[in-house]
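One line per chain: the protein sequences are A and B, in this order. The first sequence runs contiguously to residue 359 in this note's numbering. The second sequence runs contiguously to residue 409 in this note's numbering.
If you are wondering where the hints come from, they were derived from the structure by calculation, not from laboratory data. Glycine included, each C-beta is placed from N, C-alpha and C at the ideal position. Be aware that one or more of the hints could be misleading.
Some, not all, of what chain A presents toward chain B, calculated at C-beta under 7 Å [to be verified]: (1) 31; (2) 108; (3) 183; (4) 338.
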Amino acid sequence: MNQPAPARRVQLKPPVTNVGVLGWLRSNLFNTWYNSILTVLALALLAWLIPPLVRWAFIDSLWNSTSEACRDIDGACWSVIPNNIKFIFFGFFPQGQEWRPALAMVMLLALVFYSKERSRWKKSLGWVWLASLVIMGILMYGGILGMPVVETSQWSGLPLTMMLSFFGMVAAYPLGVLLALGRRSKMPAIKSLCVVYIEMIRGVPLISLLFMSSIMFPLFLPEGVTIDKVLRAQIAIILFTAAYIAEVVRGGLQAMPRGQYEAADSIGLNYNQTMRLIILPQALKIVIPPTVGILLSAFKDTSLVVIIALYDVLKTTKVALSNPKWTGYSTEAYIFLAVLYFIFCYAMSSYSRRLEKELNTGH
Amino acid sequence: MKQSDIPTGSGSSPSAVPFWRDAGKRALVFQLAALLIVAGTCYYLFSNTQANLERQSIATGFGFLDKEASFEIAESVIAYSAADTYRKALLVGALNTLKVSFIGIILTTILGTFIGIARLSSNWLISRLSGMFIEVMQNIPVLLQLFFWYAIFYEAFPSPRQALNPFNGVFLCNRGLIFAIPEAHAAYPAMAWTFLIILVIGWFLNRWGYRRQELTGQAFPALRITAAAAILLPLGVWFLYGTPTAMNVPVLRGFNFQGGLTVSPEFSALLLGLVLYTSAFVAEIVRAGIQSISRGQIEAAMAIGLRPGRVLQLVVLPQALRVIIPPLTSQMLNLTKNSTLAIAIGYADFVAVTNTTINQTGQAIEGVALIMIVYLFFSLSTSVFMNWYNKRMALVER
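The following block holds chain B by itself, in its conformation from the complex:
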């Protein structure tokens, strides 16, 4: 009889066990209380907001998106004018964000990898220099770095008339970086297509080579063949089209340059600041990844007679990438999120355009919600892709 009085945790004898001593019921009470508090707060804030909006007679909803934006955007990937709608203006901003993040991520990965490897170099000077770069870049706020590079562009560089001319056809002045590009010609798109097609064929060739090696043990140099073809065939196409060499060279007309390709000071400062700041973090990640491979792995690989290149390809990289990829993903997301600082130096990214929209229409809630949704989308889609890649690289344990 006595035994049944001992609480069993599921509350079998409610008369003997008060509910606050029953872990299961207590958890239920806690959760209900938490949910009630959250729901109550949300309702309170929501009703306040409703009342405030009514009092200030602000219309809610996304109807403003179809109104005329009537503000100019300095740089745009697609055609845009002040007569277009807010919807289009926001799209321009989102594309500008994508542009700077995409280029920034590629450059950061390259620079960060180089500096991370240089940090491990047996060369004392190189290792110390990269260590200094990492410390300095990591310890200065990225916003300050952006202001710094922007100030360099605006104050240290001369006006277009006295533009610096470090190489033939490249000008550096306070209007940005202006350089010559090849004159549009049918040869260039054809070359690009050839290159892409060779990459696709190369991918299949590599898979076929790998499978043949699995079956027969004979290696097939798919990578080398693809690399050679990717360089030589577009060059051949260029010769077929009669080797066009005409260049679109920037010329000083009045107060500014015409022709060529102009990279605005805002974009350059933003890209430079983001890439230098983030690559310091990427360098530390790459260094840690390489250092995580124990010396024995490399020695074992060399003992079974692999050449240094194969050691790197088959033993070091697959293991190091596993350590590198998860933190690398979060650095790439950081770069994308830090690109919102563009607003401080006047680059028209998504946040800057939304901010202008909020100021013009007063639709603060919709604006901030849009910013959050767009960045959540960027973040979540990057993590989905990276998780997929990470799963492919992950250790398959027995």
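The following block holds chain A by itself, in its conformation from the complex:
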């Protein structure tokens, strides 16, 4: 009978410094002496920065006024945005026709939003996408149903940014996968062509490709043949992004254990079947995070077309700011654009995190 005596339980409350707000502060902000110093320093920095910023952005600011009214205030002149929003968004699209690109963009966003659930990825959705892209193209270009033709040189602002990024991503992805397969190929000629392409593109800045598309490419074509400037920039962006995607996909292919290839061989699958059914589904899944990183930078990089004088949303903003009425309010306009880009990029990266979690069927 060596049983210990039942201990009398005394419910002691934890010390007040370890629970609640005080406990949280203690364990998260003041747990060591240097952390305490850091906290105080960070708080001091915030106290020094935030009040003037809030006063500038919200208290002393004007949100919807004329440019004259803005000259008399110290704060931000957000009025620059509502007053120029039509030009910033739609650029040189003909007056009165702005509903067309607006509708096309809403369609694209709605489709993207609808397609984000994996349960909706069916063949019919593919057809819906194809039909919608055709409708969007008709909306932008016009020519039928009484809509006047709008040349691509007049496509500008947000629709241009979205078009360059959307097609840049959609077309670059399969091309990148093909290049990655080519680089892993056993055929020396195919392999070296792919290696040279990938390494050369990755070694040069995007600007040089854009320059090539805008000033050098016209020299490549036979006399009389011209290719649209927007399309040339689009091709440059696709070619550039594809090389980066290829490297990411190659990483995924290399991570596949040999057993997967051998298993596919042993059940008699040929190269195409092996890749399509066994290797690529797994390899592409494990490289989702870096692929989204590449697609995000492709989206951000479309802003570089400013330099070859295409009117994307950054350029239309600059043009709006060059109006003497609104010069001097660049900060406000750029902050607006930054928020816009941030929302898109943040949505994309959080979606990739979700997809990664959903696809994580690892053992």
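We have chain A already, so just place chain B on it with the hints.
Below, chain B alone, put in the same frame as chain A:
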């Protein structure tokens, strides 16, 4: 007899196996077709280009490099005037690119490491603030950031007459950042040389100390001795030269400052934008690298009695660097390539100068080719160096 009809893959019985069923021959056909298509496209483009150039009577070749450039470049590391050749103008541009990339890479590494470590801090406020910095900087195009900082310089900062004066001898206005520098004196080059010589001696001392520890087990504090010498000896040199303290202070004359050192708004905006943007990516790399070290490694190191500093030096860093260096290299290359955006805010980097050259001479093909060659050279030489460093750090497996 039947057995020999089964294709063996090498095409031993051509009469029985059509060539499209033979993997080896099929591969040959594919490769030939690919090569033919590429060669054909190249020839087509080349002949078109030839015809176009002839029609527009544009001379080909790099002969234009020796002609007079006749355009000014706002900032230059070496002496340059409009009377110099295009060759020299392009060199000025390349040096400007090197300048901004070199300073940018150093600052980015420092800032990125700090923010990456801060992201892992147990201090909630610090960790959240660095997380916010990373998210914001990563999700805004770098070109927009450059425009933003440039606009701040041009619109928010006053003219030289009302220049901000945050510290004594430092002025901030829409002409850039102007600050006082020490007046040229024989003491400063002597100090720099002393410092360099001590670094070299310190390197050898460290190697000798390491070898002695391997042989005898006695540690030698080479790092501390070198650090102390590197601070104290140049200071001693400064005293030997009679402690020169004269400063070259910027003074407002007319509409601009004279004297001191001026950092142009273009350079500042470019450097600021590139460093802030890239350091957000570097911070994520550093965080991932540190997190890749399993807790057991640190605990094991502490269990055999290493002090925290030695744990970091001998166990954590060598392993973390292995994870950090390859992506860090590509971020540095990204910074160099992104520095080409300088053209958008008017900093005379290599692309901007080449663009001016193309506009003046019409030598588009040569210009774009030069840009590509120069950046390929930068990229490849950086990767060669980094691969060498990476190989030294790489895991030596049994």
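Verification of the hints:
no.: 1; hint: 31; result: 5 Å, holds
no.: 2; hint: 108; result: 17 Å, violated
no.: 3; hint: 183; result: 5 Å, holds
no.: 4; hint: 338; result: 5 Å, holds
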